[in-house]
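Student: So you can see what is in the structure, the chains are spelled out below.
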Amino acid sequence: MSSLLGLTGHELQALLTKKEISSTDLVKEYLTRIKMVDDQIKALVTVTEKEALEQARKADGLREKGVKLSPLAGIPLALSDNICTAGIRTTCSSRMLENFVPPYKATVVEKLAEAKAVLVGKCNLDEFGLGTTTENSAFFATHNPHDLQAVPGGACGGAAAAVAGGEAVFALGTDTGGSLREPASFCGVIGFKPTYGSVSRYGVIPCASSLDQVGSLTRDMTDCALVMNAISGHDPQDSTSVSGATSDFTNFLTDDVKGLKIGIPQEYLQGRVVPEVMASFEQAVKKLEELGAHCAEVSLAHQEAIVATYQIIVAAEASSNLARFDGVRYGLRIEGEDVDSLFKKTRSQGLGAEAKKQIILGTYVLSSAQYEDYYLKALKVRALIKEELAKVFQEYDCLLTPTTPTVAFDLGADKEKISRGKLDSLTCLANLAGIPALSLPWGTLQGRPVGLQLLSRACGEETLFRVGYTLEQNTNQTRLKLKGKEVK
Amino acid sequence: MRVEWETVIGLEIHAELKTKTKIFCSCPNEFGGKENTHVCPVCLGLPGALPVLNKQVVEYAVRAGVALNCAIQSYSKFDRKNYFYPDLPTAYQISQYDLPICRNGYLEIEVNGEKKKIRINRIHLEEDAGKLLHSGSSITSSQYSLADYNRAGVPLIEIVTEPDLSSAEEARVFLEQLRAVLEYTEVSDVKMEEGSLRCDANISLRPVGSTKLGTKMEIKNMNSFRALERALAYEIERQQEVLEEGGKIVQETRAWDEGKGMTAVMRSKEEAHDYRYFPDPDLAPIILEPEWVEEIRASLPELPEARKERLVQELGLSAYDAGVLTASRALAEFFDQTVAVYNAPKVVANWIMVEYLGLLNANNLELEKSKITPKQLATLLIVQAEGKISGKIAKKVFAEMFATGKDPEKIIKEKGLVQISDEGALAAVVDKVIAANPQSVEDYRGGKKKALGYLVGQVMKETKGQANPGVVNKLLQEKLK
Ligand SMILES: [Zn+2]
Chain V
0 MSSLLGLTGH ELQALLTKKE ISSTDLVKEY LTRIKMVDDQ IKALVTVTEK EALEQARKAD
60 GLREKGVKLS PLAGIPLALS DNICTAGIRT TCSSRMLENF VPPYKATVVE KLAEAKAVLV
120 GKCNLDEFGL GTTTENSAFF ATHNPHDLQA VPGGACGGAA AAVAGGEAVF ALGTDTGGSL
180 REPASFCGVI GFKPTYGSVS RYGVIPCASS LDQVGSLTRD MTDCALVMNA ISGHDPQDST
240 SVSGATSDFT NFLTDDVKGL KIGIPQEYLQ GRVVPEVMAS FEQAVKKLEE LGAHCAEVSL
300 AHQEAIVATY QIIVAAEASS NLARFDGVRY GLRIEGEDVD SLFKKTRSQG LGAEAKKQII
360 LGTYVLSSAQ YEDYYLKALK VRALIKEELA KVFQEYDCLL TPTTPTVAFD LGADKEKISR
420 GKLDSLTCLA NLAGIPALSL PWGTLQGRPV GLQLLSRACG EETLFRVGYT LEQNTNQTRL
480 KLKGKEVK
Chain A
0 MRVEWETVIG LEIHAELKTK TKIFCSCPNE FGGKENTHVC PVCLGLPGAL PVLNKQVVEY
60 AVRAGVALNC AIQSYSKFDR KNYFYPDLPT AYQISQYDLP ICRNGYLEIE VNGEKKKIRI
120 NRIHLEEDAG KLLHSGSSIT SSQYSLADYN RAGVPLIEIV TEPDLSSAEE ARVFLEQLRA
180 VLEYTEVSDV KMEEGSLRCD ANISLRPVGS TKLGTKMEIK NMNSFRALER ALAYEIERQQ
240 EVLEEGGKIV QETRAWDEGK GMTAVMRSKE EAHDYRYFPD PDLAPIILEP EWVEEIRASL
300 PELPEARKER LVQELGLSAY DAGVLTASRA LAEFFDQTVA VYNAPKVVAN WIMVEYLGLL
360 NANNLELEKS KITPKQLATL LIVQAEGKIS GKIAKKVFAE MFATGKDPEK IIKEKGLVQI
420 SDEGALAAVV DKVIAANPQS VEDYRGGKKK ALGYLVGQVM KETKGQANPG VVNKLLQEKL
480 K
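Chains V and A are the protein sequences, given in the same order.
FYI, numbering that gives the first Met the number 0 numbers position 176 of the first sequence as 175, with every residue one higher than the one before it.
FYI, numbering that gives the first Met the number 0 numbers position 396 of the second sequence as 395, with every residue one higher than the one before it.
For the record, the hints were derived by calculation from the structure and aren't laboratory data.
No residue lacks a Cβ here, since even glycine has one placed at the ideal position from N, Cα and C.
Treat the hints with caution; some may be incorrect.
In silico lysine to aspartate or glutamate, DMTMM-like type, Cα no more than 25 Å apart, as pairs [as the list claims (entries may be wrong)]:
| id | chain 1 | residue 1 | chain 2 | residue 2 |
| --- | --- | --- | --- | --- |
| 1 | A | Lys-268 | V | Glu-334 |
| 2 | V | Lys-355 | A | Glu-308 |
| 3 | V | Lys-344 | A | Asp-97 |
| 4 | A | Lys-130 | V | Glu-334 |
| 5 | V | Lys-356 | V | Glu-415 |
| 6 | A | Lys-80 | V | Asp-237 |
| 7 | V | Lys-257 | V | Asp-247 |
| 8 | V | Lys-355 | A | Glu-125 |
| 9 | A | Lys-54 | V | Asp-237 |
| 10 | A | Lys-19 | A | Glu-125 |
| 11 | V | Lys-344 | A | Glu-308 |
| 12 | A | Lys-345 | A | Glu-308 |
| 13 | V | Lys-379 | A | Asp-273 |
| 14 | V | Lys-356 | A | Asp-273 |
| 15 | A | Lys-80 | V | Asp-339 |
| 16 | A | Lys-345 | A | Glu-304 |
| 17 | V | Lys-376 | A | Glu-304 |
| 18 | A | Lys-76 | V | Asp-372 |
Label pairs and their in silico Cβ distance ranges [unchecked claim]:
| id | chain 1 | residue 1 | chain 2 | residue 2 | range |
| --- | --- | --- | --- | --- | --- |
| 19 | V | Thr-16 | A | Tyr-84 | 55 to 61 Å |
| 20 | V | Pro-235 | A | Ser-141 | 49 to 55 Å |
| 21 | A | Leu-299 | V | Ser-367 | 36 to 42 Å |
| 22 | V | Val-100 | A | Gly-258 | 42 to 48 Å |
| 23 | A | Glu-257 | V | Pro-235 | 42 to 48 Å |
| 24 | V | Glu-303 | A | His-272 | 31 to 37 Å |
| 25 | A | Lys-130 | V | Ile-333 | 20 to 26 Å |
Take these sequences, add in the hints, and give me the full structure.
Tutor: Below is the structure:
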């Protein structure tokens, strides 16, 4: 295994700047690695070899000419396959879009292209982002690079596995209720979900629009800041995009947590998190106190309603978002005797079991007879949760939890049983409230990574970067070794 | 005892807003165009594309709202109306459900000299769907259907009235009046034949004196003012027959068949959709500043009612004439501009209503496309009033103006149509006519005064209508004394 594969984006950029390596060499290295390991990890749905080499050549050409380049220029990246790439198929890991080639690209893709970052592949995910293990992909399951028996988490398991498995330096995915953070936790990489609206959703195929947010998967906090610098900012094509000046996230990378007030929702974690993970978590709390932070127990109001509220909103919005896949204009079409049978056949054959389950559930909670009892109630509870959290953040700078109730489990295992309910019970809160959240690796348990989660108030990204960076600088728990030999 | 029935009608009107671009994307909002050329990822509903509200759409809706005396809502939002149909790219229509942009308005109509306020419940914004062209008669019986999404995403306002209309005629008058308001405020093209103005009706009957509403029937597919009136008249009669025979009206949606002159069932109540409305998470709520609404209110043009009132009060026109002249903004402007040059409102009104509208109708032409300018018409009327041409010649000149767009003076000069008032010039013709019609001369002298008219006519004929009839009359009377 080449020494280049374990490096972060900014470490590689230093080598590129010194002209010790070229982007073409780097990308070739990554393409070779993909050929070597992806038949086992199965992180990628599409490898964009030709485009990648061309983009790398262009980045090298500009560097030769002495053009000042962005910190991501020439660096290989992967995209979750629900992010539209013009001219490159975008499948959402669904039969429905197996051959769908968008004529347009997502705003984040445009921004990465401007930064001259190099796309090497599109990553597997739970179909349309619905799932927590990537086993709901219509094509194949992705394996956890740390342990090929284990799931990588989901929905964006392919993207997390690609970064953890050395198939890309960083990746973008979407987070609806933990779809970035949970696989980041399982695969031992950093997963960051920014404040709702800070990164454009234009061109990102939605799961649940009011919860979805594009975020990053990186190997360290500096890369996380550099990627956020590249992709965040107001987009006039997204009405939910927040306006205002964007910050330089690298300014948030300070090695200091002294005096920070960190809340721990102990009661919420009780009975949800397995003891081994809880023990690792306690170590992190201790470490933060040693570094000068003040940790205290907080109680979360309406905690029993969090998961139910989340599930109702996801199902409702997903049922409507998935309705456009009807076989009329693009994607899969199964002919029928008339238009209704065309709709039915196309959707029956084109969508997987989980998507159908969410559509049925969503259709039910939105039906006029049930609307008030379910959807409207969920909206009201969501508003209350948001309100209560805002109060918590008046007192605390951030909240700390494990990212997931358990570490990664085996493929095919009964996840509901293992995770004592819902695998996204600790992560979905951030999406309901629209607040930023970070998942940071925190060592391993029997070779399977543990994740720490930090939440802060809307636009309170600075605190998250500060805590993440401080732990990264002062412990050896956050940067896990790239898994190479084990995979090979 | 025989039951007397009264009719209760409410209308739902869709008007396309004539903004430059569509409601949620920057595609051109134009009627026609080659199929699927005014489209983009947003209005085609491609996955990941997102809607962004066009501010001009909001402005137009507010303009219509203030013109229709509505309370403009400072907070309104968009909802998704979910249903499957191939003309609907996202399988949901973005509309406004419980919080529309305008509420509680009214429009006054006048039927048979009586004024009546028709309340408007709400006006909401929504997007239009595409158009389907079926190979057969319907989507289910066709070999194939072609889809054109140029219309998908065209902005619409839906105006919903209270059930305040009590006859087919009132409904038609209301729609005409509403059309005029939307045309005056320039928010819509309001062309029923092109579909930029569409109207559905809810109609029910109840015994006179009852306050409870009867079972309502929804009527669709009425594509002209005449169709609306005919369909409702048909439906009133049909429902009355059912009720009088002791039958029951069942709630359903019926479609008007213009060819057959009758309505037929489209779908029953059981087949009605559950649209699963919910707030569209892709769009922010519309929050309006009162100052902006007031700016729009201040910029409104004079509306049809006020204009009509002014024509009656200040210019002395009859209510009927004023109504005809203000039915469209273009016509009213034409009238005002003509009067501004030639201040004889009644004469101008007559000319426009009889001659001008007559020619426009005969040629099936819209006023906007006609070549005549108000100044030209005023000049013609001035020339006639000065006695330079007769009324008969004026009509001839007007027809020429209508056909060519030439100035009246030029036509009169070119064709030598100036009226002859010179007694010397006319005396010879008068003598010739007297000589040629001894019988009429004798009749006149014998006391048959009517014979004089015949002789005047003969002189006019000889002079190809150019003789001044007054002078001819005087000369004949003198010579036949
Ligand atoms: Zn468009």
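Student: All the hints need checking, so say for each whether the structure fits it.
Tutor: Results of checking the hints against the structure:
no.: 1; hint: A:Lys-268 - V:Glu-334; verdict: violated, 30 Å
no.: 2; hint: V:Lys-355 - A:Glu-308; verdict: violated, 62 Å
no.: 3; hint: V:Lys-344 - A:Asp-97; verdict: violated, 34 Å
no.: 4; hint: A:Lys-130 - V:Glu-334; verdict: holds, 21 Å
no.: 5; hint: V:Lys-356 - V:Glu-415; verdict: holds, 16 Å
no.: 6; hint: A:Lys-80 - V:Asp-237; verdict: holds, 21 Å
no.: 7; hint: V:Lys-257 - V:Asp-247; verdict: holds, 22 Å
no.: 8; hint: V:Lys-355 - A:Glu-125; verdict: violated, 29 Å
no.: 9; hint: A:Lys-54 - V:Asp-237; verdict: holds, 15 Å
no.: 10; hint: A:Lys-19 - A:Glu-125; verdict: holds, 16 Å
no.: 11; hint: V:Lys-344 - A:Glu-308; verdict: violated, 62 Å
no.: 12; hint: A:Lys-345 - A:Glu-308; verdict: holds, 15 Å
no.: 13; hint: V:Lys-379 - A:Asp-273; verdict: holds, 22 Å
no.: 14; hint: V:Lys-356 - A:Asp-273; verdict: holds, 19 Å
no.: 15; hint: A:Lys-80 - V:Asp-339; verdict: holds, 19 Å
no.: 16; hint: A:Lys-345 - A:Glu-304; verdict: holds, 19 Å
no.: 17; hint: V:Lys-376 - A:Glu-304; verdict: violated, 47 Å
no.: 18; hint: A:Lys-76 - V:Asp-372; verdict: holds, 21 Å
no.: 19; hint: V:Thr-16 - A:Tyr-84: 55 to 61 Å; verdict: holds, 56 Å
no.: 20; hint: V:Pro-235 - A:Ser-141: 49 to 55 Å; verdict: violated, 41 Å
no.: 21; hint: A:Leu-299 - V:Ser-367: 36 to 42 Å; verdict: holds, 38 Å
no.: 22; hint: V:Val-100 - A:Gly-258: 42 to 48 Å; verdict: holds, 46 Å
no.: 23; hint: A:Glu-257 - V:Pro-235: 42 to 48 Å; verdict: holds, 45 Å
no.: 24; hint: V:Glu-303 - A:His-272: 31 to 37 Å; verdict: holds, 35 Å
no.: 25; hint: A:Lys-130 - V:Ile-333: 20 to 26 Å; verdict: holds, 25 Å
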